[in-house]
Structure formats: C-alpha cells, structure tokens
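Colleague: Residues per chain, in single letters:
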Amino acid sequence: MSYSTQINKHGGLNHLLTIEGIPRDYLIRVLDRANRFLSLGDNIALKNYPVLKGRCVFNIFFENSTRTSSTFEIAARRLSADVMKLNILGSSSSKGESLLDTVDNLVAMQADMFIVRHSCSGAVHLIANHVNRVSPNIQVLNAGDGCHSHPTQALLDMYTIRFFKKNFRNLRVAIIGDISHSRVARSDIWALSILGVPEIRVISPKTLLPMDIEQMGVTVFSDLNKGLKDVDVVIVLRLQNERISSPVLPSAKEYFKFYGLTEDAMKNCDENVIILHPGPMNRGVEIDSKVADSASSVILKQVTFGIAIRMAVMDLLHQERLERDNG
Amino acid sequence: MSYSTQINKHGGLNHLLTIEGIPRDYLIRVLDRANRFLSLGDNIALKNYPVLKGRCVFNIFFENSTRTSSTFEIAARRLSADVMKLNILGSSSSKGESLLDTVDNLVAMQADMFIVRHSCSGAVHLIANHVNRVSPNIQVLNAGDGCHSHPTQALLDMYTIRFFKKNFRNLRVAIIGDISHSRVARSDIWALSILGVPEIRVISPKTLLPMDIEQMGVTVFSDLNKGLKDVDVVIVLRLQNERISSPVLPSAKEYFKFYGLTEDAMKNCDENVIILHPGPMNRGVEIDSKVADSASSVILKQVTFGIAIRMAVMDLLHQERLERDNG
Amino acid sequence: MSYSTQINKHGGLNHLLTIEGIPRDYLIRVLDRANRFLSLGDNIALKNYPVLKGRCVFNIFFENSTRTSSTFEIAARRLSADVMKLNILGSSSSKGESLLDTVDNLVAMQADMFIVRHSCSGAVHLIANHVNRVSPNIQVLNAGDGCHSHPTQALLDMYTIRFFKKNFRNLRVAIIGDISHSRVARSDIWALSILGVPEIRVISPKTLLPMDIEQMGVTVFSDLNKGLKDVDVVIVLRLQNERISSPVLPSAKEYFKFYGLTEDAMKNCDENVIILHPGPMNRGVEIDSKVADSASSVILKQVTFGIAIRMAVMDLLHQERLERDNG
Numbered sequence: 121m122s123y124s125t126q127i128n129k130h131g132g133l134n135h136l137l138t139i140e141g142i143p144r145d146y147l148i149r150v151l152d153r154a155n156r157f158l159s160l161g162d163n164i165a166l167k168n169y170p171v172l173k174g175r176c177v178f179n180i181f182f183e184n185s186t187r188t189s190s191t192f193e194i195a196a197r198r199l200s201a202d203v204m205k206l207n208i209l210g211s212s213s214s215k216g217e218s219l220l221d222t223v224d225n226l227v228a229m230q231a232d233m234f235i236v237r238h239s240c241s242g243a244v245h246l247i248a249n250h251v252n253r254v255s256p257n258i259q260v261l262n263a264g265d266g267c268h269s270h271p272t273q274a275l276l277d278m279y280t281i282r283f284f285k286k287n288f289r290n291l292r293v294a295i296i297g298d299i300s301h302s303r304v305a306r307s308d309i310w311a312l313s314i315l316g317v318p319e320i321r322v323i324s325p326k327t328l329l330p331m332d333i334e335q336m337g338v339t340v341f342s343d344l345n346k347g348l349k350d351v352d353v354v355i356v357l358r359l360q361n362e363r364i365s366s367p368v369l370p371s372a373k374e375y376f377k378f379y380g381l382t383e384d385a386m387k388n389c390d391e392n393v394i395i396l397h398p399g400p401m402n403r404g405v406e407i408d409s410k411v412a413d414s415a416s417s418v419i420l421k422q423v424t425f426g427i428a429i430r431m432a433v434m435d436l437l438h439q440e441r442l443e444r445d446n447g
Numbered sequence: 121m122s123y124s125t126q127i128n129k130h131g132g133l134n135h136l137l138t139i140e141g142i143p144r145d146y147l148i149r150v151l152d153r154a155n156r157f158l159s160l161g162d163n164i165a166l167k168n169y170p171v172l173k174g175r176c177v178f179n180i181f182f183e184n185s186t187r188t189s190s191t192f193e194i195a196a197r198r199l200s201a202d203v204m205k206l207n208i209l210g211s212s213s214s215k216g217e218s219l220l221d222t223v224d225n226l227v228a229m230q231a232d233m234f235i236v237r238h239s240c241s242g243a244v245h246l247i248a249n250h251v252n253r254v255s256p257n258i259q260v261l262n263a264g265d266g267c268h269s270h271p272t273q274a275l276l277d278m279y280t281i282r283f284f285k286k287n288f289r290n291l292r293v294a295i296i297g298d299i300s301h302s303r304v305a306r307s308d309i310w311a312l313s314i315l316g317v318p319e320i321r322v323i324s325p326k327t328l329l330p331m332d333i334e335q336m337g338v339t340v341f342s343d344l345n346k347g348l349k350d351v352d353v354v355i356v357l358r359l360q361n362e363r364i365s366s367p368v369l370p371s372a373k374e375y376f377k378f379y380g381l382t383e384d385a386m387k388n389c390d391e392n393v394i395i396l397h398p399g400p401m402n403r404g405v406e407i408d409s410k411v412a413d414s415a416s417s418v419i420l421k422q423v424t425f426g427i428a429i430r431m432a433v434m435d436l437l438h439q440e441r442l443e444r445d446n447g
Numbered sequence: 121m122s123y124s125t126q127i128n129k130h131g132g133l134n135h136l137l138t139i140e141g142i143p144r145d146y147l148i149r150v151l152d153r154a155n156r157f158l159s160l161g162d163n164i165a166l167k168n169y170p171v172l173k174g175r176c177v178f179n180i181f182f183e184n185s186t187r188t189s190s191t192f193e194i195a196a197r198r199l200s201a202d203v204m205k206l207n208i209l210g211s212s213s214s215k216g217e218s219l220l221d222t223v224d225n226l227v228a229m230q231a232d233m234f235i236v237r238h239s240c241s242g243a244v245h246l247i248a249n250h251v252n253r254v255s256p257n258i259q260v261l262n263a264g265d266g267c268h269s270h271p272t273q274a275l276l277d278m279y280t281i282r283f284f285k286k287n288f289r290n291l292r293v294a295i296i297g298d299i300s301h302s303r304v305a306r307s308d309i310w311a312l313s314i315l316g317v318p319e320i321r322v323i324s325p326k327t328l329l330p331m332d333i334e335q336m337g338v339t340v341f342s343d344l345n346k347g348l349k350d351v352d353v354v355i356v357l358r359l360q361n362e363r364i365s366s367p368v369l370p371s372a373k374e375y376f377k378f379y380g381l382t383e384d385a386m387k388n389c390d391e392n393v394i395i396l397h398p399g400p401m402n403r404g405v406e407i408d409s410k411v412a413d414s415a416s417s418v419i420l421k422q423v424t425f426g427i428a429i430r431m432a433v434m435d436l437l438h439q440e441r442l443e444r445d446n447g
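These protein sequence lines are chains A, B and C, in that order.
If you want the numbering used here, it's the position in the first sequence, counting the first as 1, plus 120.
If you want the numbering used here, it's the position in the second sequence, counting the first as 1, plus 120.
If you want the numbering used here, it's the position in the third sequence, counting the first as 1, plus 120.
Here are a few chain A residues that face chain B, going by a calculated C-beta distance under 7 angstroms: (1) D202; (2) G216; (3) D221; (4) D224; (5) N225; (6) A228.
BS3-like, lysine-lysine: derived pairs with alpha carbons at most 30 angstroms apart: (7) K421/A / K173/C; (8) K205/C / K173/B; (9) K421/A / K349/A; (10) K421/A / K205/C; (11) K349/B / K387/B; (12) K421/B / K205/A; (13) K205/C / K205/B; (14) K410/C / K326/C; (15) K173/A / K205/B; (16) K349/C / K421/C; (17) K285/A / K349/A; (18) K421/C / K387/C; (19) K173/B / K173/C; (20) K173/A / K173/C; (21) K173/C / K205/A; (22) K205/B / K205/A; (23) K286/A / K421/A; (24) K173/B / K205/A; (25) K205/A / K205/C; (26) K421/B / K173/A; (27) K173/C / K205/B; (28) K205/B / K421/C; (29) K173/B / K421/C; (30) K173/A / K205/C; (31) K285/A / K421/A; (32) K377/A / K421/A; (33) K173/B / K173/A.
Think of the hints as simulated: they come from the structure by calculation, not from any bench.
Ideal Cβ placement from N, Cα and C applies to all residues, glycine included.
With the sequences and hints as input, model every part of the structure.
Modeller: What follows is the structure, encoded as structure tokens:
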C-alpha cells in the first residue's frame with residue numbers, strides 16, 4: 121500500500137513514507153543531491169539554497185524526539201522554510217480528537233510539508249492517504265512510525281556507507297539488535313536490498329526477530345562472532361529500555377554479554393569495518409564505549425550527514441511538486 | 121470594565137480583549153480586512169505583507185493550546201513578526217511568582233504584542249489593565265480567558281457566517297451545548313448581537329446554562345429539535361471532558377442522545393444550514409460523524425479563516441498604534 | 121580550571137563559563153558594548169545589528185527556565201541568528217544517553233554557539249572542555265550551572281549597578297539570602313571583586329553560608345540590620361522553594377521575619393540605595409511587596425539590561441572567533 125501512496129504518476133515521489141518500492145535510481149539521486157548540502161554547515165553561506173523560501177513546514181511529532189525533530193528543523197530552516205513545531209502530545213489528541221481530525225485541522229492551516237513522527241506503525245501512511253484525498257498541496261515526510269519505517273534514517277545510513285565504502289557492490293553489512301521492534305532495521309534492509317548489497321545479515325536473539333525476516337532476503341545469525349565474520353559495515357541498533365527485563369530479555373548485562381559490540385567481537389570484522397548507530401547510544405548495553413569512540417565509529421558523521429539528507433529530500437520533493445504544478 | 125480598557129480615545133482598539141462594546145463598524149472593518157489575507161496561504165507570496173517586520177510578538181499561554189497558539193503564530197509570522205513562544209505552565213508561575221510579576225518581566229523584555237491565553241476569566245483584562253499602566257507600547261490580544269471571552273474565535277465565526285450567508289440581516293443562529301462554561305458562546309452571542317442577527321438561540325440542558333443568559337438577548341431552548349427549527353447557522357460547542365460524569369451531566373452517551381447534532385436533528389434546520397464548531401470535536405458526543413463530514417459542515421474553513429482573521433486583527437491593532445504614535 | 125578553558129591565547133574569551141578570572145578591562149568592555157544594544161528594544165530598527173546572520177545558536181536547557189532562555193533567544197534573534205531551542209529534559213538524556221554523547225550529537229549538527237543551562241555545577245565547563253577537543257568552531261555560553269556560575273546574570277547586575285551608581289569605586293554592596301546554593305551570589309561576588317568594589321557583604325543565616333565564603337573577600341553578617349547599614353546596593357536572592365521546611369530552614373515565615381527585606385530594614389541603607397533581584401521573586405518571603413514595588417527597586421531594569429548584556433556577550437564572542445579565524 122505504501123509505495124503507491126508516495127509515488128506520483130510520473131514515477132517521482134510526492135511523499136516520503138517508506139524506502140520500500142523506491143527505485144534504485146531515485147535513491148541514488150537523493151544521495152547525490154545531499155552532496156551539495158554538505159559543506160553548508162561550516163560556513164556562513166547557509167542561506168544560499170532558499171528553495172523553500174515562503175514555504176511552511178510543519179514538524180508534527182506525536183512521539184517525543186529531540187534529535188530527529190531538530191535535524192529536520194535545521195534542514196528546513198537552511199532551505200529558508202518557515203518551520204512550525206507542533207508537539208501533539210498532550211494537546212488536541214489528548215482532548216479526544218481523532219487523528220484525522222487533527223490532520224484536517226493542520227491541513228486547513230495550509231502548510232506545504234508535514235514532517236510526521238507517530239508511535240503507531242502505519243499512522244503516517246494513513247495521514248498521507250488522507251492528505252492525498254483532501255489537499256494536493258501538502259507533502260508528507262515520515263520521520264518514524266512505530267516499528268515500521270524511518271526512511272530518512274535509512275537514507276542517511278546509505279549516504280554514510282557510500283561515503284566511506286564508495287559503492288554498495290561488494291559489501292557485507294550486519295545489523296545487530298532488536299530487529300523485531302526496529303523501524304531503522306526494516307528501512308535499512310529495504311535500502312540495502314534496493315541498492316544491491318550482496319550480503320545483508322541480521323544478528324539478534326531469536327526473541328527479538330520478526331517471523332518473516334528471512335523473506336526480506338537477509339541471513340540470520342544468533343551468534344555474534346559468526347555474524348560479524350568479515351563484515352564491512354556494522355549497524356548497531358539501540359536496545360529500547362522497555363525491552364530490558366521484559367519476558368524477551370532477562371537483563372541489559374545479559375544482552376551485552378551475548379550481543380554487545382566489544383573490541384573482541386570487532387576482531388571478526390574486516391579490518392576497515394565502519395560502525396553505525398542511529399543514536400542515542402546505550403554504552404555498555406548494545407555497544408562498548410571503546411568501540412563507540414574508536415576510529416571505526418562513524419556515528420557522529422551520521423548526524424551531520426542526516427541534515428544534508430533531509431535537506432536533499434525536502435529539496436527533491438519540493439521540485440517534484442513544482443514540476444507537477446507546472447505541467 | 122473590559123471595553124474601556126481596550127478602546128483608545130479615538131474610538132479605535134488598543135487591545136483586543138472582548139467583543140463586548142466594539143462598535144458594529146469596527147467589527148465589519150476587521151472582517152473586511154481579513155479578505156486581503158485569505159489567498160495568502162496557498163501561494164508563495166506570504167511575505168508580501170511585512171507590516172510587523174522588526175516587531176516582536178509574545179505568544180503567552182498559561183493554558184495548553186495547540187490550535188489557537190499555532191494559528192496566532194502562523195498569522196504573526198506571515199506578517200513578518202518575530203514570534204516568541206512562552207509556555208508559562210510549569211515555569212515562573214509554578215515557582216511562586218505572581219501573575220503581574222510575570223507580566224512585568226515580559227514587559228521588560230520589550231515586546232510589541234502579547235497574545236495571551238489564561239484559564240481564569242478576567243486574567244487577560246487584568247494583564248491589559250496592568251500593561252496600560254506600565255507600558256504604552258504593548259498591545260494585548262485575548263486568545264481565550266477562562267469561561268469569559270475568546271474574541272478572535274467569534275470574529276472568525278462571524279467571518280465564516282458572512283462568507284457563506286453574505287450578510288447577518290435575516291439569520292437564525294443556534295448555539296448548542298455547554299453555554300455556561302463557554303467563552304466561545306459568550307463571544308459569539310456578543311458578536312451576533314452587535315452585527316444585528318435578529319434571532320439568536322441557545323440550545324442547552326438547564327444545568328449548563330448561565331443564569332443571566334436571557335439578558336443577553338437570546339432565546340433559550342432545552343429541546344434540540346425545536347431549537348433547530350428553520351435555523352440558518354448552527355454553532356456546536358465542544359463538550360469539555362471534565363463536564364462529563366460530573367453532577368451536571370450523567371454521561372457522554374446521555375448528552376449525545378438529547379443534544380448531539382445528528383442527521384435526524386439536522387432535518388429541522390433550513391436546507392442551506394451551515395455547521396460551525398470551534399474544535400477540537402468530540403465525534404459521537406456533541407456531533408455525529410456524518411454531520412461533521414457533511415457538505416453543511418464548514419468547520420475546516422473556520423480554521424483557514426481563523427488565520428486570516430488573526431492577521432487582520434494584528435494588522436489593524438498595529439495600524440492603530442502607528443496612528444497614535446504619529447499624532 | 122574554568123578560566124583556562126574559556127580564555128584563548130590572545131587573552132580574549134572563546135567561551136563564557138564563569139566570571140572568575142576574567143580581567144577587569146574585559147568586563148568593562150562587555151558592559152560598554154551593551155550600551156549600543158539598549159535602545160534597540162523600543163524601536164523598529166532591531167535588525168540593524170545582523171552580526172550573527174547565517175549563524176546558528178543552540179539554546180540547550182537541561183533545566184527548566186523561561187526567563188533566561190527567552191532573553192537569550194531574544195538577544196540572539198536581535199543579532200539575526202537562527203535560534204534552535206532544545207529542551208533536553210525528557211529527551212535523549214532520559215533515554216540513557218551520556219551527557220557528552222548528547223553534546224557530540226549537537227556538535228555534529230554544526231551550530232556556532234551553545235547556550236547551556238544545567239542543574240549540575242561544572243557541567244557547562246565539562247561541555248566546553250569537550251567542545252574544545254572536538255570542534256574549534258563552537259562557542260559555549262554558560263546560562264547557569266548548578267550552584268556554581270551564572271555569568272550573564274552577574275554581568276547584567278554589574279551593568280545595572282553601573283547604570284545607577286556610575287562607577288564601582290566607593291560602593292557598599294550587600295547580598296542577602298541563600299549564598300550556599302546560589303550561582304548568582306558566587307558570580308556577583310567575583311564580578312564585584314574584579315571591578316574593585318571596596319566592600320562586599322553577605323547577609324545570611326549560618327546554615328545557608330558556604331564554608332569558604334570569607335576567602336572570597338566578603339564580610340559576613342547574620343544580622344540583617346547590621347549588614348544593611350549604609351549600603352548602596354542590595355542584591356536580594358530568591359529563596360528556592362526546596363530549601364523551605366528543610367532541616368536548614370524551618371519555614372518561609374521564619375525566614376521573612378529575620379531576612380526578608382522590608383521597608384523597616386531598608387531604613388538602614390543609604391538613602392539612594394538600589395534593590396536588585398534575579399527573579400522570580402517570592403513576595404513575602406525574601407522581599408516585602410512594598411520594597412519590590414518601591415522607587416529603589418531596579419528589578420525590571422535588570423531584565424531589560426539582561427537582553428542588552430546577552431547581545432553584547434554574543435557579539436563579542438563572535439568577534440573573537442572572527443579575529444581568530446582571520447589570523
């Protein structure tokens with residue numbers, strides 16, 4: 121359902137809801153476009169790409185987030201957009217208003233883009249479907265919905281991988297952690313598949329694996345050392361606190377013992393391996409401090425690249441809209 | 121007391137605190153002024169009315185609100201104002217500071233306009249009176265105070281009614297719901313009266329009616345069907361959750377049975393009736409979903425018009441100040 | 121440790137962390153610089169000092185604050201900076217991320233200045249030390265850390281004192297209240313000492329005095345009337361609510377009886393005494409309402425001056441950076 125909602129009749133993106141179904145060329149186009157926004161941060165010429173000048177971006181967060189919300193806001197402002205922050209927690213939705221009524225109200229305020237995060241899988245698609253019916257002028261970007269999708273995270277991860285590995289052709293990539301509840305894992309697997317990575321591995325205790333995982337074209341490992349053998353890229357997932365001491369996981373210490381990324385475990389990887397993590401990190405739970413701070417870690421580069429990717433996505437979506445409006 | 125605080129010696133508005141006492145011509149002037157801001161939302165020319173450029177607007181909310189706060193912020197920014205959001209909940213006021221000390225501090229920060237919402241009736245007037253004493257340069261806009269007044273809501277309701285009904289001369293308008301606790305009802309009744317609507321009805325259970333209501337020139341109905349007979353405009357009030365299951369109201373279901381606006385009840389109205397609601401809606405409590413989504417519903421138009429009205433009010437108040445300063 | 125972190129090799133400030141160690145001439149330079157920003161508030165020419173145009177300021181508050189956060193935001197915006205508000209309460213830090221990981225992430229977002237408030241003494245220095253290691257381009261301003269330092273409050277207090285008293289040469293200054301837990305008291309004492317005030321007094325119950333206080337060059341009084349004898353300036357500290365009814369303080373009423381600044385107590389002071397308070401005030405606890413509202417009170421002037429001082433500090437720090445970058 122997702123990709124038909126987001127793709128317009130010319131094959132371009134009207135919204136960005138999920139990586140699933142986006143053609144390889146389009147993903148590459150986003151990564152290429154991000155290049156032009158990368159040197160912006162450290163000089164004074166921020167205002168030189170005013171493509172969203174006079175446009176209004178609503179940052180609509182039904183779930184708390186500082187990092188994602190802030191980087192989207194920075195990205196939008198660097199394109200000269202007017203950004204409205206709307207924390208919906210504790211507002212209309214708590215007053216008993218339905219999700220679509222809230223959305224209808226935001227539509228009536230006449231924004232140009234909605235950046236939406238929601239704790240329920242599928243909520244952002246529901247919103248985009250609804251927006252498609254009521255207003256052709258609003259574009260929806262998924263900033264994370266439940267366990268489902270977090271497309272800009274996947275795009276920034278792909279940008280980071282390409283930046284350090286040049287291309288996707290001969291890579292072994294391992295994703296470690298709670299695959300079952302991770303929108304990052306799902307989005308990364310889709311992106312890696314589309315971009316042609318030949319070997320995608322997931323390393324996870326069985327209790328944190330979704331049932332259909334092998335249908336996504338990945339190899340499953342429950343042993344960390346075997347899973348890391350000769351990999352070029354490791355994506356470490358955050359272990360959500362609410363998982364710890366639940367039936368699926370006895371303790372953080374136990375998890376670290378078997379799945380924490382330590383210097384010892386790293387010895388299995390290719391010597392030029394890079395380590396990614398979507399943040400925020402739990403040091404001593406899913407990753408050892410020495411690994412987090414090692415030369416292999418590109419975790420902070422991801423944050424910087426994330427702003428460029430979000431600028432690129434907004435820039436491209438806006439261009440799609442202009443092209444549509446002009447013919 | 122209210123209108124003497126807000127009206128300056130030339131009969132213009134220095135603040136906007138309440139609809140009560142504003143001359144008919146001035147209300148019409150606000151509605152007319154809003155016209156020029158209505159097409160702004162859907163094109164890129166948002167920045168063409170920079171009347172508040174270099175001016176600082178403080179959005180001071182002592183009570184939670186997403187919708188009203190956001191539409192005021194959007195309106196101020198579209199006039200090129202610098203907007204500061206100040207959520208006073210859990211800040212200085214919780215540290216034991218008095219309301220007027222908080223206001224004095226905000227005055228000392230040298231804003232040009234205060235947009236104020238407060239849960240206590242009269243609080244915004246208190247603030248405006250105080251501001252009149254300490255600083256001639258700050259204009260106060262009431263964004264809702266307790267059960268008392270919500271003037272921009274009334275103005276946008278009037279704009280909506282005029283938009284669809286062309287004028288106020290021959291209208292029957294019914295307001296349904298908890299009149300007693302509603303600042304929207306009070307403000308609408310004042311506005312409708314001043315604008316010359318010949319028949320204003322309120323439809324409400326007796327427990328939710330204020331004692332002095334008939335002195336406001338309205339006709340009271342406790343039967344929904346009789347009250348709706350031949351009306352041209354229905355304003356449905358939100359039933360506040362805290363009213364439900366209180367001594368005045370057994371249950372939401374009971375309320376819906378007698379006062380919920382259903383398709384059946386709608387049959388009593390004029391065939392071209394329009395339905396207004398200040399939002400957020402409780403579907404299935406004060407309004408049936410089919411009615412909310414029917415062609416008669418102009419609820420989302422109210423949101424869009426609300427931004428134009430708030431721009432118009434800020435524009436006019438600012439002009440009053442300039443005229444005062446120049447002579 | 122502090123001053124070596126904040127001072128660059130040419131003796132200028134790279135960060136503003138603490139008043140301790142800043143040379144007298146530099147403090148005077150900040151006060152002088154603030155003059156140019158003082159008439160800005162009340163006219164339309166706010167945008168005439170766009171020294172931070174294209175620069176990004178992060179307002180990073182690990183502790184709640186409306187007043188300080190707002191005045192820093194106003195100050196930065198009046199210099200045309202892009203301001204991002206980041207309330208870290210209840211975000212990444214509550215997700216178990218370490219302070220320095222949070223900071224690293226913010227650094228990776230490529231801001232130019234961090235305005236930081238933190239409830240722990242020393243936290244802002246820790247951040248600045250870390251920033252010095254990882255990014256030469258970010259300047260850190262301390263907006264209050266624990267019981268340690270609040271340098272812009274001290275600077276605005278000094279500005280206020282100089283504004284009314286012309287110079288610091290012959291002054292008697294008394295600080296009343298909970299010295300032990302007050303970053304304002306510590307910062308003011310440092311500033312008054314450096315600026316050459318000959319007599320600095322603290323008036324406080326023994327339970328609210330730090331042990332090393334006399335080494336700071338102040339005279340200690342436990343009797344309010346004696347302490348106020350012939351003083352030219354009184355700085356009244358806010359009594360934090362959490363101190364009241366704790367072992368160190370029986371009740372607010374008891375405190376007011378012995379240390380509340382009343383009209384009677386004021387009679388001990390010089391007839392031209394001025395009263396300062398960092399806000400928010402507890403009327404009837406540390407200060408009587410009549411004193412707060414008297415002609416001697418310059419408390420609201422402090423708020424206005426505070427914006428000018430914060431503009432001056434940001435302007436000067438930015439200039440230091442430009443000079444460093446250009447040679």
